[in-house]
Structure formats: C-alpha cells, structure tokens
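Produce the complete structure using the sequences and hints provided.
There are 2 protein chains.
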Amino acid sequence: MLRSCAALLRTLGAPRGPPGVVWRSFSSEKVIHKDFAVPNPSWSKDLRLLFDQFMKKCEDGSWERLPSHRQTPLQKFEDFKTHFLDSKHMKEEQMSQAQNFTRSFEDGLGFEYVMFCNDIEKMVVCFFQGGPHLQGVPGFIHGGAIATIIDATVGMCANRAGGAAMTANLNINFKRPIPLCSVVVLKSQLDKVEGRKLFVSCSVRSIDEKTLHSEATSLFIKLDPNKRLT
Amino acid sequence: MLRSCAALLRTLGAPRGPPGVVWRSFSSEKVIHKDFAVPNPSWSKDLRLLFDQFMKKCEDGSWERLPSHRQTPLQKFEDFKTHFLDSKHMKEEQMSQAQNFTRSFEDGLGFEYVMFCNDIEKMVVCFFQGGPHLQGVPGFIHGGAIATIIDATVGMCANRAGGAAMTANLNINFKRPIPLCSVVVLKSQLDKVEGRKLFVSCSVRSIDEKTLHSEATSLFIKLDPNKRLT
Numbered sequence: 001m002l003r004s005c006a007a008l009l010r011t012l013g014a015p016r017g018p019p020g021v022v023w024r025s026f027s028s029e030k031v032i033h034k035d036f037a038v039p040n041p042s043w044s045k046d047l048r049l050l051f052d053q054f055m056k057k058c059e060d061g062s063w064e065r066l067p068s069h070r071q072t073p074l075q076k077f078e079d080f081k082t083h084f085l086d087s088k089h090m091k092e093e094q095m096s097q098a099q100n101f102t103r104s105f106e107d108g109l110g111f112e113y114v115m116f117c118n119d120i121e122k123m124v125v126c127f128f129q130g131g132p133h134l135q136g137v138p139g140f141i142h143g144g145a146i147a148t149i150i151d152a153t154v155g156m157c158a159n160r161a162g163g164a165a166m167t168a169n170l171n172i173n174f175k176r177p178i179p180l181c182s183v184v185v186l187k188s189q190l191d192k193v194e195g196r197k198l199f200v201s202c203s204v205r206s207i208d209e210k211t212l213h214s215e216a217t218s219l220f221i222k223l224d225p226n227k228r229l230t
Numbered sequence: 001m002l003r004s005c006a007a008l009l010r011t012l013g014a015p016r017g018p019p020g021v022v023w024r025s026f027s028s029e030k031v032i033h034k035d036f037a038v039p040n041p042s043w044s045k046d047l048r049l050l051f052d053q054f055m056k057k058c059e060d061g062s063w064e065r066l067p068s069h070r071q072t073p074l075q076k077f078e079d080f081k082t083h084f085l086d087s088k089h090m091k092e093e094q095m096s097q098a099q100n101f102t103r104s105f106e107d108g109l110g111f112e113y114v115m116f117c118n119d120i121e122k123m124v125v126c127f128f129q130g131g132p133h134l135q136g137v138p139g140f141i142h143g144g145a146i147a148t149i150i151d152a153t154v155g156m157c158a159n160r161a162g163g164a165a166m167t168a169n170l171n172i173n174f175k176r177p178i179p180l181c182s183v184v185v186l187k188s189q190l191d192k193v194e195g196r197k198l199f200v201s202c203s204v205r206s207i208d209e210k211t212l213h214s215e216a217t218s219l220f221i222k223l224d225p226n227k228r229l230t
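Residue numbers (UniProt numbering), protein chains in the order written: chain A, 1 to 230; chain B, 1 to 230.
Some clues are possibly wrong.
When chains are identical, the list treats them as one kind, so a pair holds in a single copy or across two.
Straight line, CA to CA, 25 Å or less: simulated BS3-like cross-link-like pairs of lysine-lysine [claimed, not checked]: (1) Lys222 x Lys175; (2) Lys227 x Lys210; (3) Lys122 x Lys56; (4) Lys175 x Lys197; (5) Lys175 x Lys227; (6) Lys210 x Lys175; (7) Lys56 x Lys34.
No lab work stands behind these hints: they were computed from the structure.
What follows is the structure in structure tokens.
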C-alpha cells in the first residue's frame, strides 16, 4: 500500500515543539524529536553571530526561527507502521532507521543550518555551514549537497506559503564553489502562485554578500489530499 | 591559499585501484582507499542482479565498472596538507575528516550505488539504492539526495568525456517520488560539446523502465589548469 497524500498532510500539520524541547516516541523511550536548529559546539563564530542576529529579529514577531528534527512527527501516527510494513522495499529494521537526510549526520560533519521565515514577506533565510562529509571536489562542498540545502530552503518557503507541496523542478546555476566548513547565506522568496503551482527562487551568497555562489529557481506543486503520492 | 586547478587535474588523473583493493595512506596506516562500488550485505537482490548483468557486459571491454572511494587520491599528494592548513575555514581536525559526500554513510544507510561507463557511446549508467538516511517526505528519497546522485552521474559522464570539469547548471524535473530503499536506474549521456562546455542529460527510471522518476539536463565547464577554483 502506498502512502496517501491525506496521511502526509496530517503529518505535516502535526504540532511542532518549542526550541530545544525533546519529545519521546509513543512506541519507545528513544529520543526522536530533538531540535537541531540551535547552536552546537561545531558551529563556527560566523554561524553563531548570524543566529544571534536573527534571534533578535524574532523578538518583534516579524521573523520566526524554524525548528528542525531528525525524524518527522509521522512516527507519532498510528498509520505509520502499517504503511511501511506494507511497503515492498523497506524492511522493519530499515523503517526504524529512517531519518531526514539533512539531519542524518553527526554534529558538525554534515549539514549545520538554521532557517528563519518571514511569512508576511514570504521569505525563508537559511544559514548553512557544510561539514567535511559533504565534500565534492577536494576542499569544496559537493554540488549535490548545495542542491540539497537549496531544495530544503525553497521547500520550506513553499510549504510556509502554500501548505504541503513537493518539488517539481529545481534549476540551479553554480557560479562559485563553496569551501568546506565555510558559512553561506541562502535567501529564498516566493515569487508567484498559479493555482497549485508555487514558484520560489533562491540565492546562495557569502556572509558579506560579495560572492554569489549559486542561484536557483524552483517549482512546487501543492499536494492534493485526495491523491496518493505514487 | 586556494587550491589551483592544476593540482586538481593532477588529482583526477591519479591512478585508480583494481576492484576491491584497499590502499593505505602514505601518512598513516588508516585505510583510505576502499572501493565502495561493489556489493555489500545491504544491497538488495535487485541491485545485485543489475551489478551482475553489467559485470558481464564488461567482459568484452565495451563497458567498464567505475571504482568509488570515500577519500580522494588527493591525500596522496604532498601539497594537500599545505593547501588545507592555509584555508581560513578548515581546521586540521576537519581536514582529516573530509569525505566524499556520496560515500560518507555507513553501509546501507545512504547512497549505495555503482556506475558503469561506455566511453564509445559516451554514456554512464548508475544503479542506485537510497537508504533510510536519505529521507525527504516520509517514506521517500529527499529531492536533494536525488539531485546528488544525478550530479554524481552526469559529472562522471562529463569527466570521462572531457577530463576534469565542474557543474555549472543542473536542471531537474521531479516527476514521481522514489520510495526509500528501492533501486532505480540513472542513464546519462553526453549530448554536446562546445569549447569548454559539456552538455549532459540524465533520466532516472524504475528497474522495469516503466516509471520515469526524474529527468535532468546539465552543463559542465572544463577546468582551466591555469586558473584557481575560487
């Protein structure tokens, strides 16, 4: 049985926890809901400064920090186990190992990032420090890792504006490579909505904004709650 | 000091090891050169069958299996340490942790894949099984992980045809989501060469070829050995 969009929409609508709060699974005592979008010892001074700057902007309510978890609240729903056990691809052991791609690394080795959104401006900003396990050309971030953090950022921008949606197109121009362990700033903006289509653009720049590392456009399609995903 | 293209080109031209052979670093006894593009216990029956099929095609020399490593032969070069120690972003500890993004997961959890190339046809085929740490929407592979394996495949196709090159553009249409732990087939083809520009396209299909999951076009630029990367 394939997962229905209706179930997914219920999942995405699940309540979020306050910053730093750790939830526990309904089925075990394993910690599943740590919020990773807060500083840890691997964060560079640059990343901490940007975090602090934007936490101040959150004080008047114009910006909001977005929590981020390794596992989705999906696992809190009773239909989860039934769904995956019916899958022809996933074994029960694999199911229990499922993790969000961008949060599946140990602290500092992969994607360290925090996103902030401004719902009135329809913007999401992401501060990203790419760790040593994201290497492409020696010394630089892999193009796929750049595509991943762009996809996550534009996806968040689309979801904030239009609810549950999936990437239909992602078009990236890679202009300047990003050195491993440096910090870059992603700015994404909802440009247009046409029916179920959401058009979101994104830039990836150095902290001082002088270097444009990448530019992207994307198209998202809002999910139809009455249709299955595959 | 930033790494020069000339050094990178030397790196990419470094000798490759035969399948399964493990090399040892010049600087320590740590194993750095295991070939990951061979079956391991996490591979599904589907992935093993495809591997066996293409290993047979390699017997007459028309196809070649491409080895794949966690760390690049760069670390065999004397200039490596000097380069990274001069970097303002990477500490020595992080330098020693640098790993190729697509090979930075434990067996079965991330990107399990093998690529085969046909240099006469200018094609690279990749068989890919996406593990549970690549999750995006619950139960499915993250769009960024799909972009990553596409980038790796078209990049290999460009490099086989034109030498060292970097992604300048990647344009992906995501048509049908890919269930976690399933196996898909990527076929990439060099379409055109214009000076230093290489145009490569790619499709991602189910094993039976009935489902087109994604389609991509890409542009690569051959590196100029006399210019630095940034």
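Verification of the hints:
Taking CA atoms no more than 25 Å apart as the test, Lys222 paired with Lys175 passes between copies only; the shortest distance there is 14 Å, against 30 Å inside one copy. Taking the closest pair of Cα atoms, Lys227 and Lys210 come within 25 Å of each other only across two copies (20 Å); inside a single copy the shortest separation is 45 Å, beyond that limit. In this assembly of identical chains, the alpha carbons of Lys122 and Lys56 lie at most 25 Å apart only when taken from the same copy (19 Å versus 54 Å across copies). For a Cα distance limit of 25 Å, the shortest separation of Lys175 from Lys197 across copies, 14 Å, qualifies, whereas the shortest one inside one copy, 27 Å, does not.
When the C-alpha separation of Lys175 and Lys227 is checked against a cutoff of 25 Å, the pair qualifies only between copies, where the shortest distance is 15 Å, while the shortest distance within a copy is 38 Å. In the homo-oligomer, the alpha carbons of Lys210 and Lys175 lie at most 25 Å apart inside one protomer (13 Å), although the nearest pairing across protomers, at 36 Å, exceeds that limit. In the homo-oligomer, the alpha carbons of Lys56 and Lys34 lie at most 25 Å apart inside one protomer (23 Å), although the nearest pairing across protomers, at 47 Å, exceeds that limit.
Violated hints: none; the structure is consistent with every hint.
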